[in-house]
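*Asks:* What follows is each chain in one-letter form.
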Amino acid sequence: DSGVTQTPKHLITATGQRVTLRCSPRSGDLSVYWYQQSLDQGLQFLIQYYNGEERAKGNILERFSAQQFPDLHSELNLSSLELGDSALYFCASSVGAMVGTEAFFGQGTRLTVV
Amino acid sequence: SQQGEEDPQALSIQEGENATMNCSYKTSINNLQWYRQNSGRGLVHLILIRSNEREKHSGRLRVTLDTSKKSSSLLITASRAADTASYFCATVDYGQNFVFGPGTRLSVLP
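Sequence lines, in order, name chains A and B.
First residue of the first sequence? That's 84 in our numbering, and the numbers climb one at a time after it.
First residue of the second sequence? That's 288 in our numbering, and the numbers climb one at a time after it.
One chain only, chain B, in its complex shape (with noise of 0.2 Å):
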């Protein structure tokens, strides 16, 4: 069963423009990572956060955990038409289990 649920399924926005995708998991965590894919493609770690972290920097990328709603956003500044991918969250919880969420299609027009 998927823990984390991203939003929106799929994002399509201008060059320049910010991303901002979202994130939401059903059981206590111990830490939650962002995954990029470009299509067909491996994936690529972006950024981890831990439960006791809420916010992380990354170059254009910020990342945010609010552990009481149980959800994360990733928010891609200045996006550019690279940036196009498959943006996945995945989460850790205590018993070791990783679980990725279905992903977000971001789509950056030139």
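Bound-form chain A, shown alone (with noise of 0.2 Å):
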């Protein structure tokens, strides 16, 4: 166990609609990480927070934000979902601010667009 939580695990909904992946970070972690797998795109990076405020940002779509709270969790919205938006969302937790430092993740969250 990793001590990064995500929620839901699973996620099917519909072309167009819009979702909310939440990620709780491992405790004392103030980095929080978002990325998408697929089969076709594979693993990217998408955003990056440290200590609420947004860090680093890799190839997020226009269509998708994200937030850390207060509490330093964080929401991953993704709206006008296509069916190319299905993929496992992972969140990843670290201690410190740099980008690729040891980061400790969770379990995904497995999108299904249909």
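Hints listed in this document are in silico derivations from the structure and should not be mistaken for laboratory results.
Any given hint could be a false lead.
Within a straight-line C-alpha distance of at most 20 Å, the following computed DMTMM-like cross-link-like pairs (lysine to aspartate or glutamate) qualify [unchecked claim]: (1) K357(B) with E340(B); (2) K313(B) with D294(B); (3) K343(B) with E185(A); (4) K140(A) with D380(B).
With the hints as a guide, bring the two chains together.
*Replies:* This is the structure in structure tokens:
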């Protein structure tokens, strides 16, 4: 158990809808990262927050947004969903602010868009 | 676009053998990391090697980095069935871009 909690584990929704994925980092970790893993795109870094502020941005679509709250949990909002958004979405957390320092991953949310 | 590219895409070996996976990348990096992912589960951080380091060990893992060739290798010695997983390299450049390669699927047969 990495200590990172993601909810829900599975999500099935229709095209055009909006969903929110939630991540609770390990106790004491200030950084939260979001990743998307799909068969055709592989593992893509989406965005990082550190202590409530956006720290680094990767291949995140404009239809997607994220935030980190004062209690350090984070939410990833995906809107106007398309079939191609079906993927595993992982959250990770780390103590420090540097992208790529040792991060601990949650078990992921599997999103299926039908 | 992919920064790290692992080679081979898939590797099948017998228990007790060594497994070597390679990663090549294109730009200058701050560090390179290796992760393991069991099927459909989250990634587990294995090892981080900085650009000024050439070799690092952790248990049965040995990672090398050759910045002149822009490549890294991950060696797993005395492999076990439990090592069966996908292995990814990830690079971090000085612009804080964090990019994963497509991964190597390792199967260790009992």
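*Asks:* Taken at face value, is the distance from the CA of D294(B) to the CA of K313(B) at most 20 Å?
*Replies:* holds (14 Å)
*Asks:* Take a quick look at whether K343(B) and E185(A) sit within 20 Å of each other, Cα to Cα.
*Replies:* holds (15 Å)
*Asks:* Decide if the proposed pair is consistent with the structure: K357(B) and E340(B), CA atoms, cutoff 20 Å inclusive.
*Replies:* With a Cα-Cα distance of about 13 Å, the restraint between K357(B) and E340(B) holds, given a limit of 20 Å.
*Asks:* Need the status of pair K140(A), D380(B): alpha-carbon distance at most 20 Å?
*Replies:* Given pair K140(A), D380(B) holds - Cα atoms ~13 Å apart, limit 20 Å.
Comparing the model with each earlier hint shows no violations; every hint is respected.
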